[in-house]
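J.: The chain contents come next:
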Amino acid sequence: MKSKTLFDKIWDGHVVRSIEAGPDVLYIDRHYIHEVTSPQAFNGLKERGIPVFRPDKTLATADHNIPTKDQHLEIKDALSRNQVEKLSENCSKYGIELFGLNHSRNGIVHVIGPELGYTLPGMTIVCGDSHTSTHGAFGTIAFGIGTSEVEMVLATQCIMQPKPKKMRIAINGTLKKGVTSKDIIMYIISEISTGGGTGYFVEFSGSAIIALSMEARMTICNMSIEMGARGGLIAPDETTFSYLRKLPEIRGVKDLESSINEWKNLKSDSDAIFDRELEFDAADIKPMITYGTNPGMGMAIDASIPMPADKPGESSSSYLKSLDYMGLKPGMKLLGHPVDFVFIGSCTNGRIEDFRAFAQIIRGRQKASNIQALIVPGSKRVEEQMVAEGLIEIFKNAGFEVRQPGLLLLSGNE
Amino acid sequence: MAKVKFDILESTCVPLPLENVDTDQIIPARFLSATSREGFGNNLFRDWRYLKTGEPNEKFVLNNPVFGGKVLVTGKNFGSGSSREHAVWAIFDYGFRAVISSFFADIFMNNSLNNGLLPIVISDELLIKLQEMILKDPATMVKIDLEKQTLTILPTGESVKFAINPYKKECLLKGLDDIDFLLGMKDMITSYENNKRVAK
Chain A
4 MKSKTLFDKI
14 WDGHVVRSIE
24 AGPDVLYIDR
34 HYIHEVTSPQ
44 AFNGLKERGI
54 PVFRPDKTLA
64 TADHNIPTKD
74 QHLEIKDALS
84 RNQVEKLSEN
94 CSKYGIELFG
104 LNHSRNGIVH
114 VIGPELGYTL
124 PGMTIVCGDS
134 HTSTHGAFGT
144 IAFGIGTSEV
154 EMVLATQCIM
164 QPKPKKMRIA
174 INGTLKKGVT
184 SKDIIMYIIS
194 EISTGGGTGY
204 FVEFSGSAII
214 ALSMEARMTI
224 CNMSIEMGAR
234 GGLIAPDETT
244 FSYLRKLPEI
254 RGVKDLESSI
264 NEWKNLKSDS
274 DAIFDRELEF
284 DAADIKPMIT
294 YGTNPGMGMA
304 IDASIPMPAD
314 KPGESSSSYL
324 KSLDYMGLKP
334 GMKLLGHPVD
344 FVFIGSCTNG
354 RIEDFRAFAQ
364 IIRGRQKASN
374 IQALIVPGSK
384 RVEEQMVAEG
394 LIEIFKNAGF
404 EVRQPGLLLL
414 SGNE
Chain B
2 MAKVKFDILE
12 STCVPLPLEN
22 VDTDQIIPAR
32 FLSATSREGF
42 GNNLFRDWRY
52 LKTGEPNEKF
62 VLNNPVFGGK
72 VLVTGKNFGS
82 GSSREHAVWA
92 IFDYGFRAVI
102 SSFFADIFMN
112 NSLNNGLLPI
122 VISDELLIKL
132 QEMILKDPAT
142 MVKIDLEKQT
152 LTILPTGESV
162 KFAINPYKKE
172 CLLKGLDDID
182 FLLGMKDMIT
192 SYENNKRVAK
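Chains as they are written, first to last, in our numbering: chain A, 4 to 417; chain B, 2 to 201.
None of these hints come from the bench; they were simulated from the model. Do not take every clue at face value.
What the hints assert, rightly or not - Examples of chain A residues lying across from chain B (beta carbon under 7 Å, computed):
no.	residue
1	22
2	43
3	132
4	263
5	298
6	319
7	321
8	330
Think of the CB as a built atom: it goes at the ideal place given N, C-alpha and C, for glycine as much as any other residue.
One chain only, chain B, in its complex shape (with noise of 0.2 Å):
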């Protein structure tokens, strides 16, 4: 697990408005190779990024020098499919901090927690919304505070709340991890399984 914090993030935005992103997109199964959590980002959204030529897809939003920044604002539905955390790790990798979307699949939203990429979910509206002004103007600025829970969306001030599990949040604006908390509790656990008789 990696022990990130995360408490306030001002960054401009790079749109990504598919819908149904799943981590075959993210990362393409045969890049899943690798023993170590780093460098999966070259490989990024890697059939998109790259022509079949091995060339950069200039058509492609992360080669489009225009668009920049730590957050992703991305469609509804963003990775579903396979469990794997590469997903999360390529994101990261390249880069970014927190992921925009109107709706996450449930094992991705608990795989970016863990990793200190934050996922944010707000309305559809507002998402289309948000799309449309960073496409219009690339400089659209946004300001994450994870201790208020607020993204506001900072040429416009628009601000709106979001939802993160209390323990989640804590865990993140102090950089600790969840293996350090159930280390601490071994004893607990070790009485857990003399109590309960658990399976062999």
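The shape of chain A in the complex, shown without the other chains (with noise of 0.2 Å):
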């Protein structure tokens, strides 16, 4: 047989039809949906006449434009409002599951999912965002999709896809202390550029990798878009397994255990051949900071500014035009450059154990008076456990804001 990397036995497994010169017809095993690319999807539904072909493999919630504080009351504005409202009914309507706005399991899709127990090994998931690659974190293909898309979905549970080319990137040796999951994503993002991915999914591997937590393995999956690539997987190991044996409810699997024999096969094979290899050593890489307007303008926080001419993946024009944007200069170091806002959550980095990073780091200190910060939770559960530990708290005596789960920063609500 054929060796075949972990993408490949994903893939070739869900593929319905394969259409000569054409794309695959890839069945979905879960369909994530939310209030802002939806509604037109179910339009498009109600146009046709015909119904969602498997609700029950759609998960809804309410995350992009709500509120971040007072959730209790009417949303203020009348758009979001109606946005919000529709989804309640198509979800109704149609017979989808729907952890909306002030539900108990409410939260961001990308948080929820692994969460509640939706997300798991080998399979393909989807979601109109495109930090839908978070979930490849669990050994999955996931990825962002158009509202056509998610149309096409919840029409038939299947998409259209051309199967993209596959890459492997490989962290090899131990991170260096401060050094967290989204320092190497920032990292391999400023070595490659925000086009480097572009027409590729790409494989995390290597001992470094091996070594994160799966909140941490969530990070590098969602952040695996910024650099153009369709999505990021990383094969599920006992890490994967023994998150998944914490959860309090995992849906559709009756018995874990045999399961997870299974999931134990899902890994590239040894001589599987990648389109493109890249490696990188844990040393070199230390805590980031960006500079920019676009996600490859990062560096290492010591670092002076890059010169034009050291940024490939820039034109040189666009690049000194971002400077001029951000007040910076090449050459400029960042370090004793001022704050002048805190921001902790979103889908990349709204879990549980970036807040328990975070306080430990502020804990018994005070944000200086001309910093505005916020925290907001990933999710209704997360916002729990932050309670339950005294994450909360110290935050608070620290000076910060402390919101309520959701993408605050992404909506009109704020």
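The task is to assemble the complex, starting from two chains supplied on their own in separate frames and drawing on the hints.
T.: In structure tokens:
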């Protein structure tokens, strides 16, 4: 048998039909929807007069366009309110389980998918949101889609996609103190640019990746799209299985241990061929900071802003324009530069582990009075954990404003 | 999905020679609260098109009456960032039917093809040349022939082939969409579910 990558194994197992010189018809195991990119898709179903084909494989949450304070009150902005109401109407009409605003399990779609036991190894997962790649941390093929494709999946549980190329990025060695998974992915993007992964699905591997927790793996896969990749994934292992064993519920799995035994086969064959392979040394990665207007403009925190000639992914004029917008110049250092705003949250960093790590740093300290500092939990469950562990108190005592779960900074509600 | 036919288009072009234009610049997040596909054209490139006072920004190309047409000629790496299809709806709703660049983000490309907006990839060199020609002479016409997969700059007669997935080409030429195609193979999908023991 031909050797295969992990990506090939999952993809090939989900092809319902291959179209000659065209895309594959790919079966989707989990479809996550939210209020912003779904209403036009439901309108499409209505116009065609067809139902949702597999409502039990669809999970809905309101997360993009909701306020992160006073969630018990009516949403002030009429258009946003209408959008959230439309989601509730559509879910009840078509029989879709909704973790809406004020539901005890509400949260950002890429936080609740894993914590509610919906995201499981070997699955295909799509959502009308580019950061759907987050779920790749569990060894899934997960990627963002547009609203026409949301309609396609609602109507047929399938999507038509050309098969992407495959890349493997190995990070070997031991990370330095203070270097987190977000630094790893920012480092990779700064090395290969925001277009370096375009056309590829990326498998992350190597000893530094294997050593990461599930939360840290999710951050890396989440941001794999920031280098242009269709998505990223990491082979499931004991870390993955022990995360799953601790969940209160796993959806659609009767015998977890026997499923885990099957999932142990989800890895690239040792002689599998990738279209592109990159390797980095974990010891070369320092804490990262960005200085520009796209995620490729990142550097080690103690470095100087590169000269235009040292940024191959960017044209010199747009690079300088971006620095000008930021009020910065090539050659400058950012250490010592004043901080204006602190935000911890979003689908990249809104998980309990992120807040635990941050609480360790600020415990017993005070923020400077000129800084606005916001903490937004990724879900109700994360918020509950923060309360139980006393983290909320630590943040409040440090002068931080702690909001309710949601995707603050994305919506028109703030 | 929208069923839009595309075969031949002859038009002047609107130049937007900026690189790395992401979907939040095409349609800012605060305009995503609508629940229909129409009307997004009013807010296309909103924060470039209008000043903070709400007045049109005379310096922005869409407010310059010299330029017009159904073809948007952008810089490299167009449409990255969020997956919002609203970006494509805004460009289409404004009246564009084709976008030319030397590089598009994946999801933007799919979204365009699903809405009858033709994304055309040409070389960096030709893109810069075309930008300069349009800036010099806004009456510069191009001809896009989807069947032949050619883009022709009419004043010079220079013609290049562009790539498109043959299946997507067929859909655009005939005005068909993927959902009709998939609905037609429901039995095959059900039999896949039964045979593969798909995840519950």
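J.: Does each hint hold? Answer for all of them.
T.: Tested hints:
Annotation: interface hint on residue 22 of chain A holds; nearest CB of chain B at approximately 6 Å, less than 7 Å. Interface hint at residue 43 of chain A: satisfied, since its Cβ lies 5 Å from the closest Cβ of chain B, which is below the 7 Å cut-off. Given the 7 Å rule on beta carbons, the hint for residue 132 of chain A holds: about 6 Å separates it from the nearest Cβ of chain B. The restraint placing residue 263 of chain A at the interface with chain B is violated, with a minimum CB-CB distance near 14 Å, outside the 7 Å limit.
Taking 7 Å as the C-beta contact cut-off toward chain B, the hint placing residue 298 of chain A at the interface is violated, the least distance being around 10 Å. Hint status for residue 319 of chain A relative to chain B: violated, with the closest Cβ pair at about 11 Å, above 7 Å. Satisfaction of the interface hint for residue 321 of chain A is found here, the shortest Cβ-Cβ separation to chain B being roughly 4 Å, below the 7 Å cut-off. Hint status for residue 330 of chain A: violated, given a least beta-carbon distance of 18 Å to chain B, over 7 Å.
Checked against the numbered hints above, the structure breaks hints 4, 5, 6 and 8 and satisfies the rest.
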